[in-house]
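Protein chains in written order, with the working numbering: chain H, 1 to 202; chain F, 1 to 226.
Derived by calculation from the structure, the hints in this document are not laboratory data.
Beta carbons are placed, not taken as given, at the ideal position from N, Cα and C, and that holds for glycine.
Each hint should be verified, as a subset may be incorrect.
Said to hold, decoys possible - Label-pair restraints from in silico Cβ distances: (1) F:Ala16 with H:Ser106: 25 to 33 Å; (2) H:Ala163 with F:Thr141: 48 to 56 Å; (3) H:Cys171 with F:Asp23: 56 to 64 Å; (4) H:Ser172 with F:Thr196: 37 to 45 Å.
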Amino acid sequence: MVVMTHAPAGSRVDSPEDRVVERALVERAATDADAFALLYRRHVREVYAFAYRRCGSREVAEEATSAAFEKALRAIGGFRWRDAGVRPWLLRIASNEVADIYRRRSRQDGARGQMALRAMAPVETEAAETPVDLSALHAALDRLSERYRAVISLRYLAGLSPADAAAEMECSTATLAVVLHRALNALRAEMARTTDHEGGVR
Amino acid sequence: MNNRDELDAALQANAAMEVPAPDPAFLDALEQRLRSAGSARVVPLTRRARRLGATTLVVTLVLTGAAAAAGLVLTDPFGDDDDTPGAAATTSAVATTAIASTAPTSTVEEPATTLAAVTTTTQHVAPAVTTTEVHVPATFTVECHATGSSTQCSWGPLPAGTTKLLVLRGQYAPSGPGRVFIADIGAGVWTDPMPTPGVTYSFVLRAYDASDTDLGHSPLVMVDCC
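The whole structure should be built from the sequences, with the hints applied where relevant.
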């Protein structure tokens, strides 16, 4: 199996030059299919990898990636440029999409369908010997508020810097630290509730 | 889970999770879908707009679906929006192109176009709601073509006051980082000094005046090099 252990080249806005080019693409993307296609190619692999880490399921990661870019296409004209480029924004949309997918399936299939979906999702870690229940982590993340889910996802799954995450969350880094602290407490409580009442799987 | 170490371990394991490479067929199919969706949503709607003290332009706003007639709402071109409670994120979507039609007077003003904002509400889109206004002078065109060993770009009349012209080169296939070059305005043509054969590039020109004010950019063109 071919695996990606880190973001593919070209998916991050690394240099001032690259930022200038990406900004031009963003400004054109609302009206120019080629410009949006360039943005898509620059970021799709990282969005997919992020979505996969949010759920551990290839199927859900593809669905979330697809939905994220479709919604980004509709909203790109309203995107406000930030130095980190469009990447944090795309990742945040993808994070919400993962949560929405599970929420929709929960409505459609009930808890049993949810459990089946989670159980189908193979969670592979580099430290396979570590007994970490990532399905419980993913399920708990999905139950957090959008703000809490976003701050944890951006900092811990996407690996954004505090400054970039704060820019995406539209707050100061000091506020981000407070929100992150509260979000982690909420996540810990959700995971404890999951473990206590539902056996590790939502 | 009440133990801080356990949560830290879970988050670290999650971040280190190996990710299978996405299916190339999926990536290609999604790109095609996005391209067709981007084209399909373009439905012309005319609206009169007056720019500050300038000639009245007839602006064609491009919105989606019948609801666009109201000028306020973008419909879902994919038809898959739902109303999942608790996850709604109010945001704006701007999917408009403003195309300048003929200005009836022969003033010295350039026929400029502006991306106009229409606020709407969609579901589940991450918040980012401030509109970017982009000036696209209608006469500011660019043509690029592959030569034997490089790519050459030439341009139409530049916006008035242009003293600096940047060439923004994106890398489409294979995807890669962008580069910025300064073009010699007087030469009227720019040749890519760092081409890589077999790469598909995008080019956008961006004009600035002497005080580095952005005067707008050209359309984007794509070229297979070379």
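> That 37 to 45 Å hint for H:Ser172 and F:Thr196 (C-beta), does it hold up?
Replying inline: holds (42 Å)
> Range hint 56 to 64 Å: satisfied by the CB atoms of H:Cys171 and F:Asp23?
Replying inline: At roughly 37 Å between Cβ atoms, F:Asp23 and H:Cys171 fall outside 56 to 64 Å, so the hint is violated.
> Is it true that the C-beta distance of F:Ala16 to H:Ser106 lies inside 25 to 33 Å, as the hint says?
Replying inline: holds (28 Å)
> Between H:Ala163 and F:Thr141, does the beta-carbon spacing fit 48 to 56 Å?
Replying inline: At roughly 38 Å between Cβ atoms, F:Thr141 and H:Ala163 fall outside 48 to 56 Å, so the hint is violated.
Hint compliance for this structure: hints 2 and 3 are not met, and every other hint is.
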